[in-house]
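If you read the protein sequences in the order shown, they are chains A and B.
Letter 93 of the first sequence, counting from 1, is numbered 93 in my numbering, and no numbers are missing.
Letter 65 of the second sequence, counting from 1, is numbered 179 in my numbering, and no numbers are missing.
Quick caveat, the hints were computed from the structure, so don't treat them as lab data.
Example chain A residues on the side facing chain B (calculated, C-beta under 10 Å, incomplete):
hint, residue
1, Q34
2, F36
3, Q38
4, T93
5, K101
6, F104
7, K106
8, G107
Chain A is nowhere near these chain B residues, computed Cβ spacing over 10 Å in every case:
hint, residue
9, P128
10, T138
11, G141
12, T142
13, S143
14, I167
15, Q176
16, Q184
17, D185
18, S191
19, K194
20, L196
21, D199
22, S200
23, G201
24, V224
Keep in mind that this is a model prediction, so the values were computed, not measured.
Just so you know, even glycine gets a beta-carbon here, dropped at the ideal spot from N, CA and C.
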Amino acid sequence: KQEVTQIPAALSVPEGENLVLNCSFTDSAIYNLQWFRQDPGKGLTSLLLIQSSQREQTSGRLNASLDKSSGRSTLYIAASQPGDSATYLCAVTSSGGSNYKLTFGKGTLLTVNP
Amino acid sequence: SQTIHQWPATLVQPVGSPLSLECTVEGTSNPNLYWYRQAAGRGLQLLFYSVGIGQISSEVPQNLSASRPQDRQFILSSKKLLLSDSGFYLCAWAGVNNEQFFGPGTRLTVL
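Go ahead and model the full structure; you've got the sequences and the hints to work with.
Here it is, written out as structure tokens:
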């Protein structure tokens with residue numbers, strides 16, 4: 001059974017700092033990995049999708065990497081801003097018979113202080 | 115472009131009452147659709163998914179059910195709500211490469 005862990009559970013940083021959020025998964029047989037952002041009381045916003053054959057994806061100040069063999073992904077946020085404050089969720093789609101289902105971590109609550 | 119709608123946005127229901135939450139998707143056809151629940155202090159839990167009209171797969175045994183009467187409509191129901199059904203319910207659809215896109219959610223409080 002796939003399990004996804006995110007570390008740290010919470011992170012508080014001053015504005016302008018570069019930061020890294022970590023995600024690990026137990027079964028390396030994944031189809032893809034997706035990073036989401038969730039604001040309080042809102043739905044999830046997809047940030048980046050990394051296919052299993054890819055090593056990284058970039059969007060603006062965000063960069064996500066994937067090391068499938070070690071079961072790890074990182075989300076790098078450059079020059080953080082107060083508007084980046086949110087919960088960041090990592091999720092994997094397992095390959096094979098469960099090709100359509102995401103398994104989520106519990107998220108990292110990020111606070112960027114002005 | 116594709117959009118996903120959920121209603122109602124919030125709902126307060128007594129224990130034992132019925133439930134119907136609706137999700138509709140626009141701008142795509144025959145999407146895979148999903149219902150998730152997010153309870154306080156817990157991660158997102160997949161409840162049901164559907165790969166087509168009338169095709170429902172259940173992930174967790176519970177007193178909830180799902181139906182897909184139309185291609186872009188997904189309904190979550192219960193005949194009798196329990197206190198433990200409280201939570202934030204999210205609907206999602208899957209695009210290319212199974213990238214999932216989520217709706218705004220329904221906050222359900224069972225009293």
